[in-house]
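Asks: Below, each chain spelled out in residue letters.
Protein chains: 2
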Amino acid sequence: MKDGHEVHVLVRPRDRMPPGLEGAKVHNYRGHGQEILNAVEKARPEVVYHLASLFLAEHKFEQISNLIESNLSFSTQLVEAMVENKCLNLVTAGTAWQNFNGKKGTAANLYAATKEAFEVILRYYADAHGLKAVVLKLNDTYGPADPRRKLLAILREAALKKESLGLSPGEQKIDLLHVNDVINAFKVAGARVAKNVAGVEEFYLRSDRTLNIKELVEVFNKASGKTINARWGDRQYRPREVMMPWQEGEVLPGWKPEISLETGIHEYANEESNA
Amino acid sequence: MKDGHEVHVLVRPRDRMPPGLEGAKVHNYRGHGQEILNAVEKARPEVVYHLASLFLAEHKFEQISNLIESNLSFSTQLVEAMVENKCLNLVTAGTAWQNFNGKKGTAANLYAATKEAFEVILRYYADAHGLKAVVLKLNDTYGPADPRRKLLAILREAALKKESLGLSPGEQKIDLLHVNDVINAFKVAGARVAKNVAGVEEFYLRSDRTLNIKELVEVFNKASGKTINARWGDRQYRPREVMMPWQEGEVLPGWKPEISLETGIHEYANEESNA
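Chains as they are written, first to last, in my numbering: chain A, 1 to 275; chain B, 1 to 275.
Hints are not guaranteed to be accurate.
The calculated DSS-like cross-link candidates involving lysine-lysine, where the alpha carbons are at most 30 Å apart (straight line), are [as the list claims (entries may be wrong)]:
#1 B:LYS86 / A:LYS60
#2 B:LYS86 / A:LYS103
#3 A:LYS103 / B:LYS195
#4 A:LYS150 / A:LYS161
#5 A:LYS104 / B:LYS103
#6 A:LYS104 / B:LYS2
#7 B:LYS103 / A:LYS25
#8 B:LYS104 / B:LYS173
#9 B:LYS103 / A:LYS195
#10 B:LYS2 / B:LYS25
#11 A:LYS103 / B:LYS104
#12 B:LYS187 / B:LYS256
#13 A:LYS42 / A:LYS195
#14 B:LYS104 / B:LYS25
#15 B:LYS25 / A:LYS60
#16 A:LYS60 / B:LYS256
#17 A:LYS103 / A:LYS214
#18 A:LYS42 / A:LYS2
#19 B:LYS42 / A:LYS86
#20 A:LYS103 / B:LYS103
To be clear about the criterion: a stretch of chain A counts as covered by chain B if any three or more of its residues have a C-beta under 8 Å from a C-beta of chain B, and this derived list gives those stretches [as the list claims (entries may be wrong)]:
#21 53-66
#22 71-77
#23 97-108
#24 124-133
Ranges of calculated distance between the beta carbons of each label pair, as one might list FRET restraints [as the list claims (entries may be wrong)]:
#25 A:VAL26 / B:VAL26: 45 to 51 Å
#26 A:PHE61 / B:HIS8: 17 to 23 Å
#27 B:VAL26 / A:GLY23: 56 to 62 Å
What the hints contain is simulated information worked out from the structure, not anything from laboratory work. Even glycine gets a Cβ: it sits at the ideal position worked out from N, Cα and C.
The shape of chain A in the complex, shown without the other chains (with noise of 0.2 Å):
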């Protein structure tokens, strides 16, 4: 909106609005396909950035059909509501979690083989109906007013509540980016999109710094100005927990992030808790 353009988002009535958001054009989701129609009809948008998304680490077989219902039934019926208008361009986030222990496309949970999936649906939709589209694959991401309850949430939580805390023994690499660096990947992923002839297009996001957690606390302690009491071990690795993130395919070209983790986690560790 700060770049002049105008912006429809179509989102369900009881989501939290993201803040920037004021003065868009919103069109509610209720469950209805009719209502993902009527948006991209009324919106008849440039580019669309599609970022819905159930995300769940491990899943449980009742989630199963909500999971499959957000990430792969309302994913194609947006894109088909897209060709139907001849609305053609899209960027949409996967996940480098889609490539497990170095198999590419060997999902690392049900999660990330759902988005996984949504790319053949994809490359159909490409394939018959012109669609265009760039899928950017996140790994980690932090910043303010983050609702999610990730480890720097808890690792924030701790310090200010002088609190120890239970941490698995801390090995696993994991590869962190500031929201404002994926704000700007996916503007930059925009107008390639909007100008590009191809059909569908994946590349990654990465910091090209990984960190394990334990180095991670430290630089938490070290950015932040406190000093996190860790019980090392305490908790075990998830199931195919992710030790080391996927650093092989291409970077968003274009693109490069350009705030440090220090920089970002000072900021991060002394906001003012948004609870």
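Position chain B relative to chain A; hints supplied.
Replies: Same frame as chain A, now just chain B:
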């Protein structure tokens, strides 16, 4: 059942029970995931033959959620129920249409894309939970008691009523297998997956005799002793009509078709109509 196996079937109450399955143990599916879990837990099958599918040659927007529910959500819940019960042997059906116009993995239609997407899910379960699966990719099939309104059924009806029949230009080639040959392939695949140690294997079922629709009508006339009065070119080809069936990819080892088109069509054309 003739081979001495205990057979359990999971069916919707409204489904027609396939002939020959009287005496099988019936588990009803009314759309609740728990019913899938219960059926697998009670049956504890050595091999699961997953044949449920929603086929749509062309889809409408409002059919997408059903397509994905049948071919991805139900299917994923079935596989989850299998691994939760340590039943790890699956035989299922894909389609040669998962490869359109010489492009492997680019589907001819959205139905075929859901089949290709399901293989992504299968690879996750194979890697994460030791699932073993054989996916048999079929072309066209025919045979007695076929309730589908496919080309051979339309030819038979036109011959019976002595009516002329509007058809496409008829240059698209098809590869037809008799249902008994297909059944034999599923038996071979079931024996293979029960012994086999590999993850997801894919094989093709082919007749090794492709013929175009014009040639097929000649075979029909000769084998049936009837004469189709065809108006060639009266109908248009379907969008993304498959003009040449996919001929690549390994055929299921230990299997070959045994019923010639002439024999099968002679029998089919003279079958008492089961409409």
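Asks: Any hints from earlier that this structure breaks? Give me their numbers in increasing order, please.
Replies: Hints 6, 7, 14, 16 and 19 are the ones this structure does not satisfy, whereas the remaining hints hold.
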